[in-house]
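Turn these sequences into a full structure, and let the hints guide you.
If you read the sequences in order, they're chains H and E.
Heads up: the first sequence begins at 1 in this note's numbering, then just goes up one per residue.
Heads up: the second sequence begins at 1001 in this note's numbering, then just goes up one per residue.
Derived by calculation from the structure, the hints in this document are not laboratory data.
Where a beta carbon is used, it is the ideal one built from N, C-alpha and C, also for glycine.
A few of these clues could be false.
[Claimed, not checked] Covered stretches of chain H (chain E as the covering partner; in silico rule of three or more C-beta atoms under 8 Å from a C-beta of chain E):
{"hint": "1", "segment": "78-89"}
{"hint": "2", "segment": "101-110"}
[Unchecked claim] If you want a taste of the chain E side facing chain H, the calculated C-beta under 10 Å gives, among others:
{"hint": "3", "residue": "Val1122"}
{"hint": "4", "residue": "Ala1225"}
{"hint": "5", "residue": "Ala1366"}
{"hint": "6", "residue": "Leu1393"}
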Amino acid sequence: MMGLEFVSLSLPPLLIGIFAAIACALPGNFLLLRRQALIGDAISHVVLPGIVLAFLVTGVVSAWPMLIGAGAAALVTVLLIEVIRRVGRIEPGAAMGVVFTSMFAGGVLLLEQSDTSSVHLDVQHALYGNLESLIWLDGLGWASLLDWEALKGLPPELPRMFFTLLFVCAFIFLLWRPLKLSTFDEGFARTLGLPTGLIGLSLVVVAAIAAVAAFDAVGSIIVIAMFICPPAAARMMTNRLERQIGWSVVFATLSAVLGYVLAGYGPLWLGSDNAVSAAGMIATVSGVILGVAALAGPCRHRAGAPAG
Amino acid sequence: MLFEALTLQLGYNATLVTIGAALLGVAAGATGTFLYVGKRALVSDAISHATLPGVGLAFIFMVLLGGDGRFLPGLLLGSALSAAIGLLCVSWLSTRTRLAEDAAIGAVLSVFFGLGIVLLTVIQTMSSGRQAGLETFLLGSTAGMLWNDAVIIATGGALVLALVVLLRRPMTLVAFDSEFAASTGIDVRRTDLAMMGLALAITVVGLKIVGLILIVALLIIPAVAARFWSDRMGSVVGIAGAIGGASGWIGAALSATAPDLPTGPIIVLVAFGFFAVSLLFAPGRGVLAAVLRHRRFQARVHVRQGLLALAQEQPIYEGLTLRLMRRAGLIRADGVATEAGRAKAARALLDERRWQLLRADPRHEAAAARYDGLTPLETLLTADQIAELDRALKPEAAT
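Encoded structure:
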């Protein structure tokens, strides 16, 4: 079981799941602390119209136009939320609700109107992702990992997700101090001369990039869950940002691995021979982890709040 | 075709759907207003996503009991139960842990939705039961809606609406200021619970028509749009109900005219249309009104400055000022003041002098705070006070 079959069928989706989970959880830490946790939710809903529009413009189902379309839709959403919030003087949550539901509705309508049924583009795919189908036919055992010819046959989502993760890590590493300062004390950061507005925007853009890349591989449900659940669970474990980020990476990885294994093998153990949705299971596991952390984490109470 | 749809002449099924959607819209708009005013609009997002595992579990349960699993009241009961559990999780996470409410909402919606998808894939592999069409709960579908389904939706919507009318006073107080509400003897927790319960009922009832992802829109958009038109809670609730009802009616009618116009998204987009119109054109809080207000203010400032310049016989160079004053007949085309212009300029200068005197006098501190360079002093002071100011002006004018 740990040999040939594992390398070709399970290793690539497992790695993609882990990379996607970490890439979303990292910016999620900052979004959580900045009370922007639902930005991930909004972005993952509006990716749909972006992808459909990209398909209608180019007429092909290929990765790059769709990634660009999705990224553009995410940016338009963030800007639109900001404009409606300022111009209409509406509280941010409601402005977000207006924008993302309307854009999602537009995406579904476009999808039904255009003849996309012949290609693999539908709402359920967008929600569930297709993690299980990202297999590596050329992987003929562990040795293939060193074989350049075989590596070329890897599902393209794997390197794409890997580089997205590297990009996210680099962003957080390079902007560590300004990010941290502007997250915890925006006023102080501004007096130091930091462009806090720009930092906030770039954080949202990086989150959108991670969301779009992960969305392509694993569907929107993992994206929303990974933006929030691992950082939220990590927040119950520690009061230090560095450790919180470390915990969130651990929790994200754990969710991806456990979720994937449970989805693939869990039903077998229960006597059924059909796997269940890996994306859904990963989100579920992350929720269980959050639940445990909320019940027993050492820092689960608000500072100053009475224990109880 | 559209006219027939709007006037309910497109057949039995379309008529059912249109009336059901309109009722749902009215109830959702009115209920959503309380959520929006209480700054809890996105709680509805958590509620709606949390219905999915309930739908799946209810289906599995009914199939195991030997049914075909598509009995609508059963599915709705399941969705209500799991949404209630989701709500409890949100409230527990946001009150008992350090998580903010938005994070709690996000966590609950993603985890429950993930669990729901797991259950849907379990159902797909079940040999018995007619699972086809269960996914329509995601996006809503009105095709094949039966009389019984329509009755459930209509009575549910009407019941919620009746409860909103009944509970409007405590809910308004709690939404605006829960501490004040508590001090007047209202049980804030129970009112809050009732508000959430109504939102939950709307979500469950709306599943069949708009689907669980888009029902959020019906709870949020009409309320936000209605808020532009009024500052009074009663009218906002009424307007939101009207916008929601109109969106449901028009959206359902539109979608009945063509086979590939899905009902849920069309209803949401119609509601967004109402929102856009409100944002732009509402008097008072709308964008257009704000722009016009700014323009009028700008014009008054320019004319006033122009008049002062005329009175002191200084030349005016500024283009907008010249244009405005020419249009008002205060100056001629060559820039020389007309008779009316000279009279007005003299009055403006006098007013400005009086203001200067007033602001230098500590006794008139309260009145001086009203100075904005535009308000004529006569509108603030009595004739006696003006006369006193003028006495002080006299020696200055003589020099």
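### Message
When the structure is checked against the list of hints, which entries are broken? Sort them ascending.
### Response
Violated: hints 5 and 6.
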